[in-house]
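With chain A held as given, fit chain B onto it using these hints.
2 protein chains.
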Amino acid sequence: MGKTKNAFYAQSGGVTAVINASACGVIETARQHREHIGKVFAGRNGIIGALSEDLIDTGKESKSAIAALRTTPSGAFGSCRYKLKSLEENRAEYQRLIDVFKAHNIGYFFYNGGGDSADTCLKVSQLSRTAGYPIQAIHIPKTVDNDLPITDNCPGFGSVAKYIAVSTREASFDVASMAKTSTKVFILEVMGRHAGWIAAAGGMASDENTPIPIVILFPEVAFDRKRFMALVDQKVKRFGYCSVVVSEGVRSSDGGFLADQGLRDAFGHAQLGGVAPVVAAMVKEDLGLKYHWAVADYLQRSARHIASASDVAHAYATGAAAVEMALAGKNAVMPTIVRLSDKPYRWKVGEASLKRVANKEKMMPRSFISSDGFGITARCRRYLEPLIRGQDYPPYHRNGLPKYVRLKNATVRKKLAESFEV
Amino acid sequence: MGKTKNAFYAQSGGVTAVINASACGVIETARQHREHIGKVFAGRNGIIGALSEDLIDTGKESKSAIAALRTTPSGAFGSCRYKLKSLEENRAEYQRLIDVFKAHNIGYFFYNGGGDSADTCLKVSQLSRTAGYPIQAIHIPKTVDNDLPITDNCPGFGSVAKYIAVSTREASFDVASMAKTSTKVFILEVMGRHAGWIAAAGGMASDENTPIPIVILFPEVAFDRKRFMALVDQKVKRFGYCSVVVSEGVRSSDGGFLADQGLRDAFGHAQLGGVAPVVAAMVKEDLGLKYHWAVADYLQRSARHIASASDVAHAYATGAAAVEMALAGKNAVMPTIVRLSDKPYRWKVGEASLKRVANKEKMMPRSFISSDGFGITARCRRYLEPLIRGQDYPPYHRNGLPKYVRLKNATVRKKLAESFEV
Chain A
848 MGKTKNAFYA
858 QSGGVTAVIN
868 ASACGVIETA
878 RQHREHIGKV
888 FAGRNGIIGA
898 LSEDLIDTGK
908 ESKSAIAALR
918 TTPSGAFGSC
928 RYKLKSLEEN
938 RAEYQRLIDV
948 FKAHNIGYFF
958 YNGGGDSADT
968 CLKVSQLSRT
978 AGYPIQAIHI
988 PKTVDNDLPI
998 TDNCPGFGSV
1008 AKYIAVSTRE
1018 ASFDVASMAK
1028 TSTKVFILEV
1038 MGRHAGWIAA
1048 AGGMASDENT
1058 PIPIVILFPE
1068 VAFDRKRFMA
1078 LVDQKVKRFG
1088 YCSVVVSEGV
1098 RSSDGGFLAD
1108 QGLRDAFGHA
1118 QLGGVAPVVA
1128 AMVKEDLGLK
1138 YHWAVADYLQ
1148 RSARHIASAS
1158 DVAHAYATGA
1168 AAVEMALAGK
1178 NAVMPTIVRL
1188 SDKPYRWKVG
1198 EASLKRVANK
1208 EKMMPRSFIS
1218 SDGFGITARC
1228 RRYLEPLIRG
1238 QDYPPYHRNG
1248 LPKYVRLKNA
1258 TVRKKLAESF
1268 EV
Chain B
848 MGKTKNAFYA
858 QSGGVTAVIN
868 ASACGVIETA
878 RQHREHIGKV
888 FAGRNGIIGA
898 LSEDLIDTGK
908 ESKSAIAALR
918 TTPSGAFGSC
928 RYKLKSLEEN
938 RAEYQRLIDV
948 FKAHNIGYFF
958 YNGGGDSADT
968 CLKVSQLSRT
978 AGYPIQAIHI
988 PKTVDNDLPI
998 TDNCPGFGSV
1008 AKYIAVSTRE
1018 ASFDVASMAK
1028 TSTKVFILEV
1038 MGRHAGWIAA
1048 AGGMASDENT
1058 PIPIVILFPE
1068 VAFDRKRFMA
1078 LVDQKVKRFG
1088 YCSVVVSEGV
1098 RSSDGGFLAD
1108 QGLRDAFGHA
1118 QLGGVAPVVA
1128 AMVKEDLGLK
1138 YHWAVADYLQ
1148 RSARHIASAS
1158 DVAHAYATGA
1168 AAVEMALAGK
1178 NAVMPTIVRL
1188 SDKPYRWKVG
1198 EASLKRVANK
1208 EKMMPRSFIS
1218 SDGFGITARC
1228 RRYLEPLIRG
1238 QDYPPYHRNG
1248 LPKYVRLKNA
1258 TVRKKLAESF
1268 EV
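Just so you know, the protein sequences line up as chains A and B, in that order. Residue numbers for the first sequence follow the working numbering, so the first one is 848 and each next one is one higher. Residue numbers for the second sequence follow the working numbering, so the first one is 848 and each next one is one higher.
A few of these clues could be false.
Put simply, identical chains are the same to the list, so a pair is met inside one copy or across any two.
To be verified - The list that follows gives simulated cross-link-like pairs (lysine-lysine, DSBU-like), each with its CA atoms no further than 35 Å apart:
1) Lys1027 x Lys852
2) Lys1250 x Lys1190
3) Lys1209 x Lys1177
4) Lys1261 x Lys1190
None of these hints come from the bench; they were simulated from the model.
Okay, chain A solo, but in the shape it has when bound (with noise of 0.2 Å):
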């Protein structure tokens, strides 16, 4: 082994639009630097090929296999949930990770992912010391959920974010149009468990050129049904019709999923459905109001035909980054986007120590939730305007569909005798 090191990248957690264009900086980028980064070997399924050594050598990839990259949504290597466990708990995983980095001549481990991410990122990291392995270890930001601290904002939330504030102008433009004889009540339940980052994005919809009656109900803010429906009540009566984002982390005020309304099927099993359709029903029995609802559910983290251009730029650039930042000898580091200025919006890349990053929760400030705590402040536009800007148009094939590339995804033969059960 010479001076060249190779290095391993792999997607984690769930998978969003742009991920793949956070992919396509760290291969195409690594690429322009054969002479310090031999190949780039991908793990399939996430940190779960490196444990199993189920390598993906991206060199057998072509110049366009990977430029496509940027414009395919999901994981085009496979992503997996495992978080590895310390390295107390677990030092066989850390022993295993040594051995295959090892042989395979690995010395830079990209990690593309969310908080958990970072931690595992973070572990990796100091192996170098914990465990005598020279291997510089770099995060690079991912999730949907836009919750990790330090960054501005997390590659894949923009363009969720545009989608559904795209999807909510949309869908009220149709109930507007119902309204007079049928649908008043449009619900759109989207996804952020513990944030309302995404709901947010649904209060979007609405601006001055375009004004619409949207509710908006916050994880952070606990069901108040009588207050909920006074305001729908109000706007219904005000616009003859409303729209209500609804996030799925939803609770109410004794704390519990508001999804949870102990449905039952014909047979007594517990059913779990969507928060969407518990509010509709409240909607009907409330005020006796026809209603639609939908749940966007995958839809709206893969929706790449309408993924904004910011996002698509910052995922990409801190995948690049994250290879210039390996190439300059960073170890425990995790590029960021600074946002420079709002309007023009300008941004450059930063850098974050993943200490400060792993398992840190960012939550939105309360500064962006209205008083009411239906809406979203002006505050909270300034700051998402930008990240919903600009459309990136996915290639199409002749036929209607866009075009995504599926990669060869060739293994590397494995070197180890041993198998690693995960």
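Positioned in the frame of chain A, the structure of chain B alone reads:
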């Protein structure tokens, strides 16, 4: 009153992403023939606007506002669900229509809707004969259900189909990334209470370039839990994951809606949820697989941001053709889409007699459903492909939201003394 007559245009029933493109076709074409068509009045909230003499003067809208209708979803003048009774049952309604038409010198009646609306339009077309009031009534096809006869397809359907095909592909990429340690089955509920046209569009997500394991549940095929589970299980075993597209109208073998599972809340009240959570719970129960589900609801029919270019073209063309038919002296007809060839896709506008359209539902041919009942055939693909082809993006504001027009919708001064209760 001279030779010039005014026109009445109204939108009816559930709105679509492109019904305003038809309105645009009507108004722009009428404006080119001011010597014959004086003003175009739109009914506020469909036919209710005619009955209550609540007319909108589209002449007050600028050229650019009317042009913007082509890229704005929903019904710009408001729609309604209201079916005129027969002349025998409710003569007063027809007399009122004649009074309003006469007062506003209306000689052309353009009605933009589905099967029920075609019936209303037919009744209006007969007023010349039945009530001696000279009027030409032309129906403009619109329905996401794609169930009007004679026309090759219905404007509105192609865009929903594209949305469902694109979304199914995107969510399938997502679940494929997650399947190793998390979600293995993704279930998307789509519209279509009687016919599986929209569900079939989900099958388009998979093609030669991008094969995806998809199981479709059609309203035309009674739900067979055992066979469905066997297929899902097989696909998950082979591909690691599976996507399910389920029509809201799927029925059990006893004929009841599968969505109606006798759910009860904590107080014993019946809860009608969607069918997606019902199928999801069954997948969990029978196969023990982790699932996610989504209900697209209004999002699918209002998604102008991903409208199909051919659908927009069809919608505009049928609107424009309706005016040309009126100018050619026709009555009781509907412009249709005539397919001339699949590859290359070529089409023209044809003409159908309203008598052959009204109250007839076009079901999906059995030859479009694969022999196992869970997929689409090559013939179905050949039919659907041209309808979802091409992207026709709306313009966007600088803040990242689509620029959808809201008209002034200036009310025409009432001329009748009496009001009319609908």
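Results for each hint:
1. Lys1027 x Lys852: Answer is between: at 29 Å across copies they meet the 35 Å cutoff, but 67 Å inside does not.
2. Lys1250 x Lys1190: Close inside one copy (34 Å) and across copies (20 Å); limit 35 Å.
3. Lys1209 x Lys1177: Within one copy only: 24 Å inside, 65 Å across.
4. Lys1261 x Lys1190: Neither: 52 Å inside a chain and 48 Å across chains, both beyond 35 Å.
Of the numbered hints listed earlier, the single one contradicted by the structure is hint 4.
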